[in-house]
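Chains as they are written, first to last, in the working numbering: chain A, 428 to 609; chain B, 69 to 355; chain C, 16 to 481; chain D, 5 to 231; chain E, 787 to 1216.
In short, the hints are calculated from the structure, not lab data.
There may be inaccurate statements among the hints.
Chain C is faced by these chain E residues, among others (derived, beta-carbon under 7 Å) [unchecked claim]: (1) I822; (2) A923; (3) H926; (4) K927; (5) F1009; (6) T1011; (7) L1015; (8) S1070; (9) S1072; (10) P1083.
Some chain D residues well away from chain B (every beta-carbon gap over 12 Å; in silico) [claimed, not checked]: (11) F22; (12) C70; (13) F186; (14) N199; (15) S225.
With a straight-line Cα cutoff of 27 Å, these simulated DSSO-like cross-link-like pairs (lysine-lysine) come out [to be verified]: (16) D:K18 / D:K60; (17) D:K60 / C:K223; (18) C:K245 / D:K18.
None of the values given here were measured: they were computed from a predicted structure.
Backbone N, C-alpha and C define an ideal beta-carbon position, used for all residues, glycine too.
Chain residues, written in single-letter form:
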Amino acid sequence: MKQRKERPPFYGLMAEFDNPTDVVAATRRTYEAGYRRIDAFSPYPIEELSEALGAFGVKMPRIVLAGGIFGLVGGFMMQWYLSVINYPLNIGGKPLNSWPAFIPITFEVTVLCAALAGILGMLALNGLPEPYHPVFNTPNFALASRDRFFLLVEARDAKFDHAQTAEFLRSLGPREVTDVEY
Amino acid sequence: MWNIEKSRRQKAVGRKQKAESGRPLWLARRPVVICLLLTAFCLLPSACRQDMQDQPRYNAYRASTTFSDGASARPLVEGTIPRGWLREDELYYTGKMSGAQARAQAGATSTAQATTPNMQGNTSSQPSGGSVTNVSGNNAGGNLGTQQGGPGNAAAQQDATMFPFPITQDVLTRGQQRYNIYCSMCHGMTGYGDGMIVRRGFRRPPSYHDERLRAAPVGHFFDVITNGWGAMPDYAAQIPVQDRWAIIAYVRALQLSQQVNKSEVPPEKLNQPQGGGGQTEGGGERH
Amino acid sequence: MASIDPSQDDVGIHVTPYPVIEPGHTFGSVTDKISSLTLKRRTPLGWFIGFGISFAFANILLFAIAYLVLTGIGVWGNNIPVGWAFDIINFVWWIGIGHAGTLISAILLLLRQSWRTSINRFAEAMTLFAVSCAAIFPLFHTGRPWLAIYWLFPYPNTMNIWPNFRSPLMWDVFAVSTYATVSALFWYVGLIPDFATLRDRAQSKPFKIAYGILSMGWRGSARHWARYEKLYLLLAALATPLVLSVHTIVSFDFAVGIIPGWHATIFPPYFVAGAIYAGFAMVLTLTIPLRKFYGLEDFITMRHLRNSAKVMLATGLIVAYGYMMEAFTAWYSASEYEGFMMKNRIYGGPYWWAYWLLISCNVLIPQVLWMKRARHSTVVLWIISLVVGVGMWLERFVIIVTSLHRDFLPSSWAMYRPTIIDFATLFGTIGMFVMLLFLFIRFLPVISIFEMRTILPQAEVKEEEA
Amino acid sequence: MPQIFHRSTNTLAKLSIFGGLFILAFAAWCLAEINRSSWNTGAFVEREQPVQFSHKHHVGDDGIDCRYCHTSVETSAWAGMPPTKTCMNCHAQIWNDSPYLEIVRTSWRTNKPIEWTRVHDLPDYVYFNHSIHVNKGVGCSTCHGRVDQMPIVYQYASLQMEWCLQCHRDPARYLRPRDQVFNMAWQAENAAAENKTEAQLAQGRQLFNAYHVRHKAILQSCSTCHR
Amino acid sequence: MAAHAAHVTDARSYTPPAALDRLAGTSLLVGLAGLILLVIGGALSALHVLPFDLSHAFRAYLLGYVFWTGISVGSMAIMMLHHLSGGGWGVVLRRIFEAATRVLPLMFVLFIPIALGMYFSKLYPWTMPQVVAESHAVAHKHALYLNAPLFLLRWVFYFAVWIGLTVLLNKWSLEQDTTTDPRLRRLLKDRMQNVSGPGIVLFGLTVTFAAIDWLMTLEPEWFSTIWGLLIMVGWGLTALAFAICIESYFVLNNARLGEVYQPRHLHDHGKLLLAFVMIWAYFSLSQFLIIWSGNLPEEITWYLHRLRSGWQYVALFVVLFHFALPFVILLSANLKKRAGQLILVALLVLGARIIDLFWLIAPTHIVFPGAQGATAGAARVIAYALYFIAPFGVGGVWLWYFARQLKTRPLLPLGDEGLENALEQIHGHH
């Protein structure tokens, strides 16, 4: 309750663009103008757009690698422990530590853990699932999943000033600039 | 419980009849198939019990509806002798011997007696082992050959006065153990007839230390264990033959133990409450 | 994926008669066309007919399985010495079919083949449904499927024992369950942005909420896209060796044993190629009618069909190589068991017809695909894809049944005869597979909408003039 | 574009993923516990018998040895259920007019066995032999518990395979001298003074060798119990 | 763009760097030195100076021969794959591959020592009558397959196929350069594509049987169905690693070519290298796991020879340096884009290939008759050293011939339609 009072009355300003080139250019300029709490929305992934937002931690390869290493070590150790220590049973005269036979399962567990780590990591880093989000209050935002491109400057940005920022955004040549309410 | 055995058999019979009635088998089966399919999911939980854990066979003590007494196990037909079980050794299996045998035995034992070590209750002090070749059942009292008149036996046979096999330390230990399991309930641990069951109201048995029983031949004891005597039921089913002889040997030892002078006992054994082969029997320690 | 690099794409180099997507489409038209398939109110009559037929077959499966569970595994035709028959044949067949989905989706993504875009979603769905069909067979072959977890997975059970990790069947459990999990997640992750599209297009509140939950609140943020794209590539990089490993392990089910006809070191690559072969055949079998009836010729162009045909030709040749090497090695090894097996398979045994039918279906007839004209005719392609589907099923039949029916002891030789329940289960799974596909077509976007947007020419960001 | 979901759904949605995992794990744990509980194993459930026979009275109070009734425990796979005759050994005289024992007397008269309710029932695919256990120093109370304190007998152990294996994998933890097998209250030597487990292990190892108990690999091979 | 295209088609821009002449000269010297050392090694054995079997010298030569022939034949296969599937990655490497395939006639001639070894040493045990007499498995295939005349006949056949294919492809490739008519270029491209399809099939068949003939019959009783594929992918890997070495060598030594070979090309080639390393590991593991698990006497002996008495360490080395290390290194995207680092990985792979071949070839029936003590030690050291001298001996000659061939044509296929796209600067601003 207390937190909600401290929030600014609206979430930010949203500029709407027609094509990818414009939104990338606008994002670059906004970033260069010193705005940092900005985000862009597009109906498909645009590499240049995320680059224009400035550097941020993607981190996915490291998470997947960590998951993979966990699965690799865990998968092998599981089989080794269960077959050699916990339940040593002679089957077909094969040695208890039949490491060649442990390779397939080790591989599968590695892949499984890496994939799970990656997916959970992606969701966690992106803060998903998040069914409610202020940007959905933008009037035309349903088109962000069709053919429109959006640039958002959050009200929390240090440089944010409603009138000035709106003026700046309008100078970037959008179709429209709208307030995004909380 | 779902009787798998029965329902399966009935189903198989049903199929056969329909198949024989002229229609092809798959047609004949169809109603069964449809019924099964329709009830498929209702029956899923019951399918879980058709497991290997309850196999359609009779295990020991399993009940049966086939026989009038409800048991699946059948007693042997009277007079049946299983292969290898022909009990030819009269002395060993019946505790009796014919007159000629007894006389021969009497002579033999009297000569043997001189070399036979005195058999005491506390036999551990005198390891006899394999050195004992033939021990008279009655040597302690020295009343060899005197017949007490066996209880109600056929005139042709008399109770044996000798053990059918040599009595060793092992036999005595076994006898003590078995005595404590099967006999001590009534006869008491020391044979005075003051066992736990007697204290609970069972008719008191005679003490082993009576003159009569001390004089009784070993065959008499064998006969009582095998056939019962007075209030005592028979223990033939509970105590195998070998063990009966072992118990009798121990009873003899018990009798002997109550007749010993203190001076005959090695001083280090005096304070031990129990005799026996150095092993303590679990039952005796119960509190 | 955002930047379309024509030089990386085999098409980009030279002008081809068939593009990946017909010209004239915009972001809006692509979005509306594909999402309308899902969102339109009225379900076409054809859908009901198709669904009805496949549903009927799926019910046959249900009945066959219920009967099996109630009566016991004896209702199947397999028995000593052919202890493994339809169940494993169908299992391997379905798993193999599933592989094409992952292959199209993951490997072609890694190879930056943009033609994958319009069929990957469909192919992934096919993978999932095929794996579901496949899983039925080993599960019910256990006889007591309600105890399957107890036997198959390592968990601290009350028996205090663990599965035998030295057994290829155990590897199979891990491979197939990992494959099913990763494929399902890969599919779902790919669907998230499209769920958002559907959420934003849906008219009725329940659909909005349903798609809203499934989309997890996806809003197309550029930061999200960056991580999403990275993850998608990484998942593809993981799925590629995974898909190869799955059929490799399926081949180990046979090859690590010492049955002549099974114990061959070439089995792993040869099975993988066979899986892709059958899988692409199934893709063609399904997409050719689908694009016709749903009017998707703009998105699934002749180019897709032609490329699939080429993949089939290539994998078919690898499979043929496998047959050849098996036969050669059987002779070269000088082992009388191997020699007998091969002779029995080819001309001496009672199943010679299966072998030659297999050779016709898998090796001889598909050679038609060398001809350009054949690759460009949907009818010919469709027929060949059916033939290959049958041929790959026969391949497993030959490997399993002919290798087992004459084992080391001639006194135990016996023929294998499938029962009506065997066939009901096989055709029932086909029914279930098609039924699931019909449901998928109706309720989920058949083509990845957001990826279709990326391959439009408008999607390219023009460089700023400095 | 209006919001479809309320603000609160964000927390709910995030929780549902981890919550889902948690619920799954919890469900798995519950299943494992139920599987091991006496609801499934039947352990600690007192079985009603046709005759109210009290082991506590006969063993604990009267001091009757196990083998007095279970005669074949040392020599055969089955411990042996006593026939009615064994009951009548004493009850022909004592309590011979008690209504509780009418069933016994009827059985004796009609020569029909009493239908006892089975307490310990191993699955039919398990081969279990009492004699080998008794002769290698496994005490009655190790598996059956303090029968001398049970007015009505119940199954003491789970009888699940993990229970069998915990001993078969390391018998030294349970072995006792042969002559103590039928002693209900037995404890390892020095158990009172030392650490109980240590004392048992020390004596158990010694007995393991003395009684020539087979190697672990044989004890836990499948065909030892599943023949 | 237009300016760039003109820049591309300027043939003189892509004439080979002068360093190539130096490479040719040095190679020839090294090669001749190596071959002389090999002959000396052989002589030590033949004259009974050191107690090791003469077959070791021939085996060593076989190693060098198989390694370098593999580069030529593997290059041919990758080139044909490129003709079939297209792609910018192949355009920039095509001339390197083509030059490598043109060494094949030389390799045909260089087979002669192996034929000699077959007749005059125990190189191939199946040439010895007592082996045929004693072994059922060898006798079985002796008449129809495994005898010297058929062996030589097949050798001629393999080379006929390979040289035939490469001559056609090289000829048309050159014709593409010399014509400016786009229709003719297109036609030549189609021709090359049409030959490549059946060409790959022929490649698969010939390499399979060459692999069986040259390597598998070293242990004539042993067999493995996957062997052909294993050698095929090994040769492909060698060829690719070699091409990457040459490519990186150009990038590092010639500024002009440094522009041609962009990081994305290196990245693609690095990824291909990774893929080949993984496929090699996959085939090797499959073969090992199946044979290990089956544990049949006729199969497992091959591995027993290679996993005992010290060879297990060589095997471990192969696993680590042929698979584990390159695999881990090549996972890094940045490394694959840098020529200076990628060349090191490629060299590592080439080195590991030699060790792998050493592990395949050398342990087969080790013959050190009756040697004891220090002489035996010396014999072993010298004998095994020969296996590492031979690749340099054969390789020097091969490289010399290769460098001469590379010089004869522009380093890029100027007539290729895809060249412009392949050379387009994607990430840079121009």
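Check the structure against each numbered hint from earlier and tell me which ones fail, lowest number first. As far as the earlier hints go, 1, 8, 10, 12, 13, 16 and 17 are violated by this structure, in ascending order.
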